[in-house]
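Working from the sequences, and respecting the hints, build out all of it.
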Amino acid sequence: FEKRRPLQVRCGLELLRRMFAEKVPELETEILPCLQDMLMDKTIGDSSSLHRLGADVLLEAAEEGSLGREGVKTHLFPIAMTMLASEDSKVARSWTQTTIKLISLLETSDVEKTLLPFALENGEVSKSADQRM
6 FEKRRPLQVR CGLELLRRMF AEKVPELETE ILPCLQDMLM DKTIGDSSSL HRLGADVLLE
66 AAEEGSLGRE GVKTHLFPIA MTMLASEDSK VARSWTQTTI KLISLLETSD VEKTLLPFAL
126 ENGEVSKSAD QRM
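My numbering runs 5 ahead of the 1-based position in the sequence shown.
The hints are simulated quantities; they were obtained by calculation from the structure and are not laboratory data. In this text, a Cβ means the ideal position worked out from N, Cα and C, and glycines have one as well. Just so you know, not all the hints are guaranteed correct.
Pairwise CB distance ranges, derived in the manner of DEER restraints [claimed, not checked]:
id	residue 1	residue 2	range
1	87	114	14 to 22 Å
2	12	74	31 to 39 Å
3	94	27	30 to 38 Å
Here it is in structure tokens:
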């Protein structure tokens with residue numbers, strides 16, 4: 006089962022892409038929380054390609070308007086922030102560009118409440134600029 010898990014996640018992400026295009030009503034309330042659980046599941050391993058696909062599918066939905074501003078704030082941004090904090094650097098890198106693009110889709114107050122504390126906590130501000138992560 007564990008060897009098939011990445012394939013199942015990949016298929017699920019492709020299905021999610023279609024669901025966004027079709028504007029399935031249960032998407033934000035039921036499916037996105039499941040997606041977060043899947044992406045955080047250790048059985049998919051360090052598959053940065055799966056995380057890249059997940060990030061791309063979600064960003065695409067946000068940019069096309071399939072996932073409204075509230076959905077970005079409530080579901081997508083927390084997923085991205087969780088993945089950025091991953092101990093696996095490949096996973097964190099997979100979500101970096103998505104997070105940067107998401108910032109423009111959020112209200113300033115939302116960025117201040119979520120991103121700034123994260124950046125201060127993880128940005129190693131006490132080090133010189135060339136020594137930071």
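Hints, verified against the model:
1. Residue 87 and residue 114 have their C-beta atoms about 20 Å apart, which keeps the hinted 14 to 22 Å range intact.
2. Residue 12 and residue 74 have their C-beta atoms about 33 Å apart, which keeps the hinted 31 to 39 Å range intact.
3. For the hinted restraint 30 to 38 Å between residue 94 and residue 27, the CB-CB distance of approximately 35 Å keeps it satisfied.
In the structure shown, no violation is registered for any of the earlier numbered hints.
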